[in-house]
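Participant: The lines below spell out each chain.
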Amino acid sequence: AQSVTQPDIHITVSEGASLELRCNYSYGATPYLFWYVQSPGQGLQLLLKYFSGDTLVQGIKGFEAEFKRSQSSFNLRKPSVHWSDAAEYFCAVGLSNFGNEKLTFGTGTRLTIIP
Amino acid sequence: GAGVSQSPRYKVAKRGQDVALRCDPISGHVSLFWYQQALGQGPEFLTYFQNEAQLDKSGLPSDRFFAERPEGSVSTLKIQRTQQEDSAVYLCASSLEQGEARGKGQETQYFGPGTRLLVL
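As you go down the protein sequences, you meet chains A and B in turn.
All residue numbers for the first sequence refer to the working numbering, where the first residue is 13 and numbers rise by one.
All residue numbers for the second sequence refer to the working numbering, where the first residue is 15 and numbers rise by one.
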C-alpha cells in the first residue's frame with residue numbers, strides 16, 4: 013500500500029530564512045505528488061504538483077519542490093519565508109488507479125515563523 | 015468563480031444523533047471526494063463520486079456513514095448514530111476530470127473549508 017511520511021511534525025524558522033520540508037513516499041510506480049497548505053480553520057490549498065517531466069516544480073507563493081526518484085522524496089523548499097507562511101503543510105500522493113485519484117496524505121508539518 | 019463550499023461549517027451533535035453534511039462542488043466538476051481529518055492528522059479518503067455514481071466507498075469507516083450525489087452536483091455525507099470517534103473535520107474536494115484527462119492539468123482536487131463535527 014502507498015504511504016507518505018513527513019518526518020518533521022513541527023518546524024520553526026526565522027522570517028527571511030530558507031525552508032525545506034521533507035516528504036518521502038512509498039509506492040510501486042511513479043506517483044503523482046502534491047503539496048497542500050492549510051491555514052487554521054481553512055481548507056487545503058494546492059501549492060504545487062508533480063505528474064511527470066521536469067523534476068523541479070515551481071508553485072505558488074514562491075515555493076518549489078524537487079522530485080527525486082532515487083530517494084523517494086518530494087521535498088518542499090522556499091528561499092525566504094514570510095510570516096504569512098505559518099501554516100500546516102501536507103504532502104500527498106495520488107494513486108495511478110485509473111479513474112480514481114484519491115489522495116493519500118502525510119501527517120503534516122506545522123510551520124512556525126519567528127520574527 | 016466560486017470554490018467548493020461546505021455547510022454547516024461547525025456542527026455539534028449529541029452521541030447517537032444523525033448528522034448530514036453538505037458539499038457544493040465547483041460548477042462543472044465531474045469528480046467529488048470526501049475526506050476525514052482527525053485532529054493532528056492528515057486527511058483520509060472516505061469516498062469518491064464520478065458524476066452521480068459512487069465509484070469508491072472503501073474509506074467509509076462503518077455502515078453508519080453514507081454518502082450520495084443524486085444529480086451529480088451537490089453531495090451529502092450522512093452519519094447515523096454518531097459516536098465520539100466521529101469527531102473530525104470532514105473535507106470535500108472536487109476536480110474537473112479524472113482518467114483520460116490525466117496529465118492535462120485537470121486532476122487537481124480543490125478543497126472546501128470543511129465541516130468541523132464535534133460529537134459529545
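The hints are simulated quantities; they were obtained by calculation from the structure and are not laboratory data.
The C-beta atom is built at its ideal place from N, Cα and C for all residues, glycine as well.
A few of these clues could be false.
Sample of chain B residues at the chain A side, in silico, Cβ under 10 Å [unchecked claim]: (1) Gly17; (2) Pro57; (3) Tyr62.
Participant: Confirm or reject each hint.
Facilitator: Verification of the hints:
no.: 1; hint: Gly17; verdict: holds, 8 Å
no.: 2; hint: Pro57; verdict: holds, 5 Å
no.: 3; hint: Tyr62; verdict: holds, 6 Å
Of the numbered hints given earlier, the model fails none.
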